[in-house]
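Number of protein chains: 2
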Amino acid sequence: MQGESYEKAAILGPGLIGASIGLALKQRSLARQVVGLARRASTLETAKSAGAIDSGTTRIEEALEGADLVVFAAPVLATIELIERTGSLVSMLRRIPGRRPLLTDTSSTKAEVVEAARRSLPAEVDFIGGHPMAGGELPGPEHGRGDLFVGATWVLTPTCDTAQETISRGKALAQALGSRVLLLSPQVHDEIVSVVSHLPHLLSVALMGEAADLASRHPETWQVAASGFRDTTRLSASSPELWRDVCLTNCGPIADAVAAFRQRLEEMEAWLRQRQGRELERALAEAQRQRIELKEQESHVLQTLRDGQ
Amino acid sequence: MQGESYEKAAILGPGLIGASIGLALKQRSLARQVVGLARRASTLETAKSAGAIDSGTTRIEEALEGADLVVFAAPVLATIELIERTGSLVSMLRRIPGRRPLLTDTSSTKAEVVEAARRSLPAEVDFIGGHPMAGGELPGPEHGRGDLFVGATWVLTPTCDTAQETISRGKALAQALGSRVLLLSPQVHDEIVSVVSHLPHLLSVALMGEAADLASRHPETWQVAASGFRDTTRLSASSPELWRDVCLTNCGPIADAVAAFRQRLEEMEAWLRQRQGRELERALAEAQRQRIELKEQESHVLQTLRDGQ
Chain A
10 MQGESYEKAA ILGPGLIGAS IGLALKQRSL ARQVVGLARR ASTLETAKSA GAIDSGTTRI
70 EEALEGADLV VFAAPVLATI ELIERTGSLV SMLRRIPGRR PLLTDTSSTK AEVVEAARRS
130 LPAEVDFIGG HPMAGGELPG PEHGRGDLFV GATWVLTPTC DTAQETISRG KALAQALGSR
190 VLLLSPQVHD EIVSVVSHLP HLLSVALMGE AADLASRHPE TWQVAASGFR DTTRLSASSP
250 ELWRDVCLTN CGPIADAVAA FRQRLEEMEA WLRQRQGREL ERALAEAQRQ RIELKEQESH
310 VLQTLRDGQ
Chain B
10 MQGESYEKAA ILGPGLIGAS IGLALKQRSL ARQVVGLARR ASTLETAKSA GAIDSGTTRI
70 EEALEGADLV VFAAPVLATI ELIERTGSLV SMLRRIPGRR PLLTDTSSTK AEVVEAARRS
130 LPAEVDFIGG HPMAGGELPG PEHGRGDLFV GATWVLTPTC DTAQETISRG KALAQALGSR
190 VLLLSPQVHD EIVSVVSHLP HLLSVALMGE AADLASRHPE TWQVAASGFR DTTRLSASSP
250 ELWRDVCLTN CGPIADAVAA FRQRLEEMEA WLRQRQGREL ERALAEAQRQ RIELKEQESH
310 VLQTLRDGQ
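Protein chains in written order, with this note's numbering: chain A, 10 to 318; chain B, 10 to 318.
You may find that some hints are simply not true.
[To be verified] Below are the BS3-like pairs computed for lysine-lysine, each with C-alpha atoms no more than 30 Å apart in a straight line:
id, chain 1, residue 1, chain 2, residue 2
1, B, K57, B, K35
2, A, K57, B, K35
3, B, K180, B, K304
4, B, K304, A, K304
5, B, K180, B, K35
6, A, K180, A, K304
7, B, K57, A, K304
8, A, K35, A, K180
9, B, K57, B, K180
Source of the hints: derived by calculation from the structure; they are not laboratory data.
Chain A extracted, bound-state conformation (with noise of 0.2 Å):
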């Protein structure tokens, strides 16, 4: 679809996703200038000379004068804070009659930021909270990508208070950039992100402490670590301070799919002691029906995809 094109979009915090934003604006001409807002100028560089962003500066003030597009991409605390402050700026955001400023963000957990966004932005921008389901194993703007989104899932969670025209804004946006939109209220993007993103990731924490505590004990450990045990554990290479926030934003979902979890291993914990074959390769069959499927379903999408449908 096409989107609407902007004189100048604003990256707030251009690291891997908001300069893949970037870089998919510029390629596909849907922002005639792209500005980068970051803390550190090293930020700024790598990006400009990723082609993420046109240019960069470290005042907010810069970045929000005569945009008429503004992404939040830093972490999810930084990004409430960045909400906060837009609030008090508005008025050097872009003014063009009938056609409001859009304002938008990437953060992996939403309740608190689209509130944030509801207490601090008034009615003259329209705001959408959004998170593109998408990611690299490695941070950072280098590693930016103009098509990173391009087939990928891209949740956008309007409120009852959100208008039609925002939504539509928000999809546009998001479907040129080659994404699928899928809308959700922040409440229940915020319970399935806690079970299919928060949780793995915690596992995968909690998974690689286990190995080198045994690993302090054997030190062949790592030697026996096969590529299963390392697609497990992929994910707890991320940035902490990133996953804190995450966290912290989603404590409540997260500790509950934590807790159900422990339950299930409780379980098989017990199987395990009594040795209850038929119990335990009832469950291993149930995860591969459900995994299996999984795949289908994903094959057939690329499929649809491939096939322009």
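With chain A held as given, fit chain B onto it using these hints.
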């Protein structure tokens, strides 16, 4: 390293691993003839079409007749049964003065298999337990690859009763197939794999279960599940029968690993409920450091292999 070459290799259970061994033996001219034993004729047909065996049989006597290399490569419980049956059929193996038949296995758990061999096999054969740390996402002889073991760790598990010569012969075989050999006692092997292989598998299964529960309430779950979720649950697509056997022959160590893991999660849950950002960040940073170290170690090993050192 140049391995001994064998007249007739019997692969008892030519699945992914057994078929890959057959292919590697033939490609490297380490066996003049490779015979496969399976319960189903269709498995033998597939293994033969894949070039992994020269001929197949469903009768163990026919497979063992004149063999000087026997590889037990069935699921663990079936392997134990095959070892017991072979114990009463050793007279059928090839008799060359001064060169005993070599018997080994590829099971994922070692203590019970090695104990079955000690109980069932007479001193006139050389037995050493083995576990090549290699595999693939898809099971079956059609996915076998002659280079599956190149660069992989192949654990051998001698006991205090294993002769030095038997260890040397086992090493030569694994190295001739391209592996790096690691010697561990069956007990230490089982403890290590309970943490780096069996625990990740059960985590993958339990996570798939949690996500499926959530999806029954929120069907959008699968659209939100990104590559991190797919990586963490990939293992759960493996064969339930095979993994049931693994669980049943390594119950104690796996149950202990699950218990330790549950405790670690309990701690994380408390940090989440109390919003202890500092503790969470410390655990996340520690895991990141360990995971990056593991990756660097891996790159170093790959570089060393590439340099042919």
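Tested hints:
1. B/K57 - B/K35: Within the cut-off at roughly 12 Å; holds.
2. A/K57 - B/K35: 55 Å, violated
3. B/K180 - B/K304: 26 Å, holds
4. B/K304 - A/K304: 27 Å, holds
5. B/K180 - B/K35: 18 Å, holds
6. A/K180 - A/K304: 26 Å, holds
7. B/K57 - A/K304: 29 Å, holds
8. A/K35 - A/K180: It holds: about 18 Å lies between the C-alpha atoms, which stays within 30 Å.
9. B/K57 - B/K180: 27 Å, holds
The structure fails to meet hint 2 from the earlier list, while all remaining hints are met.
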